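Trainee: Sequence:
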Amino acid sequence: MRKLSHEIFYNSAVFLAWTLTSFLCHYFAKSFLSATLATSDPITVQQLWTHIWVAAFLTFAQLAFCHVTVNLNYPEDSNYLRMTRITHCLSTYATNLSLSVMFASSTLAIKLAEPVTTAVIQYFVQGTPLSV
Numbered sequence: 061m062r063k064l065s066h067e068i069f070y071n072s073a074v075f076l077a078w079t080l081t082s083f084l085c086h087y088f089a090k091s092f093l094s095a096t097l098a099t100s101d102p103i104t105v106q107q108l109w110t111h112i113w114v115a116a117f118l119t120f121a122q123l124a125f126c127h128v129t130v131n132l133n134y135p136e137d138s139n140y141l142r143m144t145r146i147t148h149c150l151s152t153y154a155t156n157l158s159l160s161v162m163f164a165s166s167t168l169a170i171k172l173a174e175p176v177t178t179a180v181i182q183y184f185v186q187g188t189p190l191s192v
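In my numbering, the protein residues as written are 61 to 192.
Please note: incorrect hints may appear among the correct ones.
What the hints assert, rightly or not - Ranges of calculated distance between the beta carbons of each label pair, as one might list FRET restraints:
| no. | residue 1 | residue 2 | range |
| --- | --- | --- | --- |
| 1 | K63 | S94 | 42 to 50 angstroms |
| 2 | T96 | F75 | 29 to 37 angstroms |
| 3 | P189 | S82 | 19 to 27 angstroms |
| 4 | V180 | F83 | 19 to 27 angstroms |
| 5 | V105 | H66 | 29 to 37 angstroms |
| 6 | L80 | I112 | 25 to 33 angstroms |
| 7 | T79 | Q107 | 27 to 35 angstroms |
| 8 | F120 | K63 | 16 to 24 angstroms |
Derived from the structure by calculation, the hints contain no laboratory data.
Model, not experiment: these values are computed from the prediction.
Heads up, the beta-carbon is just placed ideally off N, CA and C, and yes, glycines get one too.
The whole structure should be built from the sequences, with the hints applied where relevant.
Mentor: Right, dumping it as structure tokens:
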């Protein structure tokens, strides 16, 4: 019984830490993008290209930090690991791009949409069934 309560506490702490760090990552990404990019309504083609490149730079920085700090326990030649990395890169980039382009966007709403984006990409690329 004691082991079960320890496991529940540990899993809850991990989930809360993941949720908090994920939100902070998106919050600071939105702050960085808002401070870096000049926007007008409607957006020009030149501004769109700038948004695309700044979002790509931010995505690279976030993924590099993730690679340095997160240790995955899967074989390096695993197809699952490669596909998971690809879908994570795509969903992170899509999130950063939407944060940079949407003027009235809520950081929390976009953060909550990222798991859906990842699930849809994994469904189309890997054939992973969508959970209900």
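Trainee: Take the hints in turn and mark each one as holding or not.
Mentor: We went through each hint and held it up to the structure:
no. : hint                              : in the structure
1   : K63 with S94: 42 to 50 angstroms  : 46 angstroms, holds
2   : T96 with F75: 29 to 37 angstroms  : 31 angstroms, holds
3   : P189 with S82: 19 to 27 angstroms : 24 angstroms, holds
4   : V180 with F83: 19 to 27 angstroms : 21 angstroms, holds
5   : V105 with H66: 29 to 37 angstroms : 56 angstroms, violated
6   : L80 with I112: 25 to 33 angstroms : 29 angstroms, holds
7   : T79 with Q107: 27 to 35 angstroms : 33 angstroms, holds
8   : F120 with K63: 16 to 24 angstroms : 41 angstroms, violated
Of the numbered hints given earlier, the model fails hints 5, 8; all others are met.
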